[in-house]
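Novice: Sequences listed follow chains A and B, in order. Every position in the first sequence, counted from 1, becomes a number in the working numbering once 64 is added. Every position in the second sequence, counted from 1, becomes a number in the working numbering once 64 is added.
Quick caveat, the hints were computed from the structure, so don't treat them as lab data. Backbone N, C-alpha and C define an ideal beta-carbon position, used for all residues, glycine too. Take every hint as true, because none was put in to throw you off.
Here are the simulated DSS-like cross-link-like pairs (lysine-lysine), alpha carbons at most 27 Å apart as the crow flies:
1) K504(A) - K254(A)
2) K578(A) - K583(B)
3) K459(A) - K430(B)
Simulated coverage check for chain A against chain B, where a stretch passes if three residues somewhere in it have a Cβ under 8 Å from a Cβ of chain B:
4) 68 to 80
5) 117 to 130
6) 184 to 194
7) 217 to 227
8) 451 to 463
Protein chains: 2
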Amino acid sequence: MKIALLQLNPTVGDLPGNSALIASAARRAAGADLAVTSELALMGYPPRDLLLNADFVERSWLVLRDLAHDLADLSPILVGLAEPNPGEAGRPLFNSAALLREGKVERTFKKTLLPTYDVFDEDRYFEPTAESELLELGTTVLGISICEDIWNDRDQWLHRRYHTNPVQELVEAGAKAIINLSASPFTAGKQKHREAMLSHLAKKYRVPFFYVNQVGGNDDLVFDGRSSVFDGNGRLAARARGFEEDLIVADMANLVDRAAAIAKDDFTPESEIWRALVLGTRDYVHKCGFSEVLLGLSGGIDSSLVAAVAVSALGPQNVLGVLMPSPYTSPQSVQDAMALAHNLGIKTLTLNITDIMNSFDRELAKPFRGLPKDVTEENIQARIRGNLLMALSNKFGLVLLTTGNKSELAVGYCTIYGDMSGGLAVISDVPKTAVYRLAKWLNARGSEIIPDAVLHKAPTAELRFHQTDQDSLPPYEVLDDILERYIERHQSKEELFAQGFEKTMVERVLCLVKSAEFKRRQAAPGLKVTDRAFGSGWRMPVASRAW
Amino acid sequence: MKIALLQLNPTVGDLPGNSALIASAARRAAGADLAVTSELALMGYPPRDLLLNADFVERSWLVLRDLAHDLADLSPILVGLAEPNPGEAGRPLFNSAALLREGKVERTFKKTLLPTYDVFDEDRYFEPTAESELLELGTTVLGISICEDIWNDRDQWLHRRYHTNPVQELVEAGAKAIINLSASPFTAGKQKHREAMLSHLAKKYRVPFFYVNQVGGNDDLVFDGRSSVFDGNGRLAARARGFEEDLIVADMANLVDRAAAIAKDDFTPESEIWRALVLGTRDYVHKCGFSEVLLGLSGGIDSSLVAAVAVSALGPQNVLGVLMPSPYTSPQSVQDAMALAHNLGIKTLTLNITDIMNSFDRELAKPFRGLPKDVTEENIQARIRGNLLMALSNKFGLVLLTTGNKSELAVGYCTIYGDMSGGLAVISDVPKTAVYRLAKWLNARGSEIIPDAVLHKAPTAELRFHQTDQDSLPPYEVLDDILERYIERHQSKEELFAQGFEKTMVERVLCLVKSAEFKRRQAAPGLKVTDRAFGSGWRMPVASRAW
Numbered sequence: 065m066k067i068a069l070l071q072l073n074p075t076v077g078d079l080p081g082n083s084a085l086i087a088s089a090a091r092r093a094a095g096a097d098l099a100v101t102s103e104l105a106l107m108g109y110p111p112r113d114l115l116l117n118a119d120f121v122e123r124s125w126l127v128l129r130d131l132a133h134d135l136a137d138l139s140p141i142l143v144g145l146a147e148p149n150p151g152e153a154g155r156p157l158f159n160s161a162a163l164l165r166e167g168k169v170e171r172t173f174k175k176t177l178l179p180t181y182d183v184f185d186e187d188r189y190f191e192p193t194a195e196s197e198l199l200e201l202g203t204t205v206l207g208i209s210i211c212e213d214i215w216n217d218r219d220q221w222l223h224r225r226y227h228t229n230p231v232q233e234l235v236e237a238g239a240k241a242i243i244n245l246s247a248s249p250f251t252a253g254k255q256k257h258r259e260a261m262l263s264h265l266a267k268k269y270r271v272p273f274f275y276v277n278q279v280g281g282n283d284d285l286v287f288d289g290r291s292s293v294f295d296g297n298g299r300l301a302a303r304a305r306g307f308e309e310d311l312i313v314a315d316m317a318n319l320v321d322r323a324a325a326i327a328k329d330d331f332t333p334e335s336e337i338w339r340a341l342v343l344g345t346r347d348y349v350h351k352c353g354f355s356e357v358l359l360g361l362s363g364g365i366d367s368s369l370v371a372a373v374a375v376s377a378l379g380p381q382n383v384l385g386v387l388m389p390s391p392y393t394s395p396q397s398v399q400d401a402m403a404l405a406h407n408l409g410i411k412t413l414t415l416n417i418t419d420i421m422n423s424f425d426r427e428l429a430k431p432f433r434g435l436p437k438d439v440t441e442e443n444i445q446a447r448i449r450g451n452l453l454m455a456l457s458n459k460f461g462l463v464l465l466t467t468g469n470k471s472e473l474a475v476g477y478c479t480i481y482g483d484m485s486g487g488l489a490v491i492s493d494v495p496k497t498a499v500y501r502l503a504k505w506l507n508a509r510g511s512e513i514i515p516d517a518v519l520h521k522a523p524t525a526e527l528r529f530h531q532t533d534q535d536s537l538p539p540y541e542v543l544d545d546i547l548e549r550y551i552e553r554h555q556s557k558e559e560l561f562a563q564g565f566e567k568t569m570v571e572r573v574l575c576l577v578k579s580a581e582f583k584r585r586q587a588a589p590g591l592k593v594t595d596r597a598f599g600s601g602w603r604m605p606v607a608s609r610a611w
Numbered sequence: 065m066k067i068a069l070l071q072l073n074p075t076v077g078d079l080p081g082n083s084a085l086i087a088s089a090a091r092r093a094a095g096a097d098l099a100v101t102s103e104l105a106l107m108g109y110p111p112r113d114l115l116l117n118a119d120f121v122e123r124s125w126l127v128l129r130d131l132a133h134d135l136a137d138l139s140p141i142l143v144g145l146a147e148p149n150p151g152e153a154g155r156p157l158f159n160s161a162a163l164l165r166e167g168k169v170e171r172t173f174k175k176t177l178l179p180t181y182d183v184f185d186e187d188r189y190f191e192p193t194a195e196s197e198l199l200e201l202g203t204t205v206l207g208i209s210i211c212e213d214i215w216n217d218r219d220q221w222l223h224r225r226y227h228t229n230p231v232q233e234l235v236e237a238g239a240k241a242i243i244n245l246s247a248s249p250f251t252a253g254k255q256k257h258r259e260a261m262l263s264h265l266a267k268k269y270r271v272p273f274f275y276v277n278q279v280g281g282n283d284d285l286v287f288d289g290r291s292s293v294f295d296g297n298g299r300l301a302a303r304a305r306g307f308e309e310d311l312i313v314a315d316m317a318n319l320v321d322r323a324a325a326i327a328k329d330d331f332t333p334e335s336e337i338w339r340a341l342v343l344g345t346r347d348y349v350h351k352c353g354f355s356e357v358l359l360g361l362s363g364g365i366d367s368s369l370v371a372a373v374a375v376s377a378l379g380p381q382n383v384l385g386v387l388m389p390s391p392y393t394s395p396q397s398v399q400d401a402m403a404l405a406h407n408l409g410i411k412t413l414t415l416n417i418t419d420i421m422n423s424f425d426r427e428l429a430k431p432f433r434g435l436p437k438d439v440t441e442e443n444i445q446a447r448i449r450g451n452l453l454m455a456l457s458n459k460f461g462l463v464l465l466t467t468g469n470k471s472e473l474a475v476g477y478c479t480i481y482g483d484m485s486g487g488l489a490v491i492s493d494v495p496k497t498a499v500y501r502l503a504k505w506l507n508a509r510g511s512e513i514i515p516d517a518v519l520h521k522a523p524t525a526e527l528r529f530h531q532t533d534q535d536s537l538p539p540y541e542v543l544d545d546i547l548e549r550y551i552e553r554h555q556s557k558e559e560l561f562a563q564g565f566e567k568t569m570v571e572r573v574l575c576l577v578k579s580a581e582f583k584r585r586q587a588a589p590g591l592k593v594t595d596r597a598f599g600s601g602w603r604m605p606v607a608s609r610a611w
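With these hints in hand, go ahead and build the complete structure from the sequences.
Specialist: What follows is the structure, encoded as C-alpha cells:
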C-alpha cells in the first residue's frame with residue numbers, strides 16, 4: 065500500500081485556495097492508495113476564532129464535498145478540517161480528518177489530545193474523542209491520529225500532560241500503521257526531537273509511522289514541513305523537504321533502504337532559523353495581500369539582518385530601505401546602511417528628521433519648561449521615524465517590517481509606536497547574540513552582505529550622543545543567558561542566583577522584563593523560533609505587581 | 065452557621081497585598097463560622113501566565129501558610145489560589161480553595177469545570193478534579209464549588225459545554241449548602257442572569273447558595289462583585305454592593321426576610337456600564353503604579369466621555385486634557401473641548417500641530433512627488449498627536465488614555481500608533497450609539513458635563529475639511545446593529561441578509577472588520593463590557609483570507 069503525504073502551505077481561511085492546493089497535490093499523487101493532508105489543511109492552521117463563525121465551518125464542509133466530488137476518480141484522501149459536535153454537551157467542534165472516497169465524504173476521524181498551552185488553544189474550540197480511530201483500507205488497518213495524539217507516550221515525558229496515549233490504544237485496537245496529520249510549528253532544533261520520538265514510537269509499537277506536517281508561515285507561526293515516514297523498526301524511510309511544499313509517497317511494503325526518498329536535513333542552527341524567518345516573512349506579506357515591504361535602516365545589526373531576510377523572502381526589487389538620520393546619527397551609520405543596501409541591491413530613501421525633531425521641540429518647549437532631556441526626547445525621535453515609515457507604508461502600500469530583537473523586546477529597550485511600529489516583527493524572537501551569529505553565518509555563505517563594520521561596532525540606538533546599548537543593559541551574552549533561562553526554561557530568581565548570576569543584575573533584568581509588558585501587549589506579531597516567544601504563547605497581565 | 069463572603073479587590077500577582085486584604089476582611093468578619101474569598105483571591109484573577117512561573121505558585125503557598133498562622137485565632141477561612149498537581153500526568157495545577165483552620169492549611173477543594181472560551185484560558189493551566197468536594201463543618205456538610213462549577217446545569221443551557229454538573233453531584237453526595245468562589249467578569253446585564261441562575265439552582269436542589277465574586281479591574285476585565293446568597297427556596301437573602309469591596313455575613317439558619325442585607329442593584333444599563341468603566345480605569349491606573357492620566361480632547365463625544373470617566377475614577381486634579389488643533393480643527397471643536405474641561409474642572413494644555421505637520425510635509429514632498437493627498441496625510445496628523453501625547457506621558461509619568469469606541473475599532477476607523485496610542489482603551493468595547501446614551505445619561509444626572517453641542521454635531525475625525533464619519537461609514541445605528549449581531553451573536557452574512565440589512569453594506573462592513581485585524585492586534589487593552597470584546601476574547605488571524 066502506497067501512502068502519499070501532502071505537505072502543503074495553506075492560507076488560513078482561504079477555503080477555495082486551500083481546496084485547490086489539496087486537489088492539485090492529490091492529482092500529483094494519483095498512484096497512491098491513500099493521500100493524507102496535514103491537520104486542518106482545508107482551513108489552514110491555526111484558524112483561531114474563525115472557528116467560532118458557524119458559517120466558516122459550514123462553508124468548509126460545502127468546499128469539502130465539492131473537493132470529494134472533484135477527486136472521485138482518485139484513491140481515498142484524508143483531509144483535515146473542523147467538524148461540528150452534534151452532541152448535547154461539550155465543545156462546539158471536533159478537530160477531524162475527513163475521508164473522501166468515491167466522490168463522497170465517507171466518514172471522519174477525530175483528535176483525542178488537544179494542546180492548550182504555549183501558542184495552542186485547542187480546548188477553546190474542540191471536544192476530544194475517546195474513540196480509537198481505525199481505518200480499514202483493503203486488508204490493512206490504519207490508526208488515524210492528529211498531531212498531539214502522538215505526543216503523550218510515557219517514555220517521552222517526565223510529566224505527561226494527558227492521561228491517555230492514543231498511539232498505544234490504536235495499536236492495541238489493531239492498527240498496523242499510524243497515520244498522523246500534524247500542524248507542528250517550527251522551533252529551532254525541534255525536528256531532531258520529532259524524529260527521535262517518531263522513531264522511538266515506531267520501534268516500541270512495531271508499526272510504521274506516516275507523519276504529515278504543514279509548511280508555511282501563518283502570522284507568528286512558521287510550519288517547517290519535514291513530514292516523515294518511519295518503518296516498524298524505527299528507521300527513517302522518507303522525509304519531505306523543510307520550509308517548502310513537498311509530496312512524498314511511501315510504500316508500506318517496502319519502507320527501508322530508500323535513501324533517495326529522504327530529503328536532506330543538514331541545517332545548521334543558523335541556516336534553520338534563517339529559513340524559518342525567510343518563509344515566515346514571505347508568507348506573512350503575501351498572505352496579507354502585499355508584495356513589497358519597507359524598513360528603517362539604522363546601520364545597525366538588527367535592521368541589516370531583517371533587510372537581508374526580506375530580500376531573500378521577496379527579492380531586492382520589493383524591499384525599500386529608509387535612512388532617517390538625526391543629529392545623533394554618526395556618518396559611519398549612514399555609510400554602513402548604504403553599504404548594506406548596496407550589497408543587497410535594494411532601493412533606499414533618506415529622510416532627515418532634524419527639522420521635524422526641532423518642530424516637536426518648539427511645540428513642547430512650553431510644557432516641558434526647561435526640564436532636562438531624558439528618554440522622552442529619545443522616544444520622540446523613534447516615533448517620528450515610525451510616523452515617516454508608516455506614511456510611506458500607507459502612501460505606497462508597503463508592509464512595514466519592524467526590526468527589534470528578542471533581547472530588546474524582553475527588557476523594553478525599544479519605543480512603543482516608534483521602532484516597534486510595523487506589521488511583522490521579523491526577528492522579535494531572535495536574541496541579540498543569535499542576531500550576530502546569523503549575520504556572521506550569512507556573510508560566511510558567500511560574499512559579504514552585512515558590512516563588516518556593522519558586526520564589530522558597539523550596538524547603539526543613537527538617540528543621544530555617545531550612547532551604547534551597554535550603558536543601560538548588561539552585556540548581551542549575560543542578558544541573553546538570563547532571558548533564555550527565565551523565559552524559555554521558566555527558571556526562578558533563586559535558580560538564577562544559584563547559577564552564579566549576580567543578584568542585583570538578575571533582579572534588574574526581571575524587573576525590566578515585567579515593566580515592558582505594556583509595550584509587548586501592543587507589539588506586532590513576531591515570528592516564533594524559540595521554545596517560548598512573546599506573542600500568543602506569552603500571556604502576562606499588564607496591571608500586576610511583582611511578588 | 066454564619067458564613068462571611070469576603071468581596072475583595074485583589075491585584076494580580078500582589079501576594080503580600082492580597083494576603084493583607086484577606087486578613088483584614090477576615091478579622092472584620094470575626095463572628096462568622098466560615099469566611100470565604102473569591103476565586104484565586106490570593107493571586108488575583110486572572111493571574112494568566114504568572115501561573116507558569118513555578119516560584120510564583122511556591123511563594124503563594126508560603127504567603128498562604130503565613131496567612132493561616134496570622135488568622136489562627138479566627139474561624140476557618142476558604143482562600144482561593146492555584147495548587148500544584150502532584151499527579152504523574154495532567155495539567156500542572158489545580159484551581160483550588162484552601163481551608164485555613166487553627167493556624168494550618170488543612171486541605172484544599174478543587175475546581176471541576178474549567179472555562180476555556182472568550183477571555184478564559186483555564187485549560188492552559190489547570191487539571192480538573194472529578195471529586196465532589198465536601199466540607200464538614202460542625203454538623204453541616206457544605207459543597208465547595210469554584211466559579212464555572214455552577215454554570216452547567218441542564219436547565220440553563222440549550223447546549224452545555226461540559227458533560228458533568230458538579231452542583232448536582234455535590235447535592236447527591238450530601239451537600240446541604242453550596243459555597244461558590246467566583247471571579248465572574250462584568251458584562252452589561254449579566255447580574256440578572258447570575259441571580260436567575262442561582263435562584264433556580266437553589267430552588268431546584270433545595271439548598272442555599274453562597275456566591276462570592278471578586279471586585280475590581282484587572283487589565284481588560286472588570287469584576288463587579290455583587291456577591292449574593294440565596295435560600296433553599298431560591299429567594300435572594302443577601303447581596304453585596306456592586307463595583308466596590310464589601311463584606312456580607314449570612315446566617316444559614318435565618319436566611320429569609322433580611323432586606324437590610326440586600327444591597328440595592330438598581331443600575332440602569334447606562335449607570336452599570338459607567339460604574340464598570342470608572343472602576344476599570346481607576347484600577348488599571350493604580351495597579352500599574354500611576355495616579356494621573358492624560359488624554360487628547362478633540363471636542364468630540366468619545367474623548368469627552370472618556371475624560372468624564374477619568375475624572376470620576378481619579379479626580380479632576382489627576383486628569384490632563386490636551387488639545388491639539390490643526391488647520392482642519394474647527395473653532396467649535398476647540399470651544400467644545402474647553403467647555404468640557406471647564407465642566408469637569410480639569411487642566412488643559414494646547415499644542416498646535418500645524419508646524420509639525422508642515423515639517424512632515426516638507427520632508428515627504430520628494431518621495432510623495434505630488435501624489436494626491438489621501439488617508440496617509442490624515443494618519444500623519446493622528447500620529448503627530450500620538451507622539452505629543454506620549455511625550456507628555458513619558459516626561460511627566462502620566463498614563464495615556466486612548467479614546468476610540470468599539471464601532472471605530474471594529475471597522476478600523478482609527479489610526480494605529482495615532483489615536484490608538486495609550487495604555488488603556490477606556491471605551492473600546494462601547495459602541496458609538498452607547499457612547500451617546502452614556503453621555504446623555506451623564507448629563508441627565510445633574511448639571512451638564514458633556515457640552516450640548518458635542519451631543520448634537522455630526523461626528524468627525526477632522527483630519528480634512530468637511531469630513532464626517534458618515535462619509536465613509538453607514539449610519540451608526542445601522543453599523544452598531546450589524547456589528548453586535550456579527551461580533552457578539554456570531555450571526556453569519558446570510559443571517560444578516562435575512563434580517564433585511566442591505567447586502568453590499570453588510571459585505572462592506574464585514575470586510576472592514578477583517579481588514580482592521582492588524583490594527584486591533586496592536587491595540588491597547590480595552591475594558592470589556594459586552595458579551596464579546598476585542599482583546600483577549602477575540603483571537604483572529606491577521607494574515608488570512610476571507611472565505
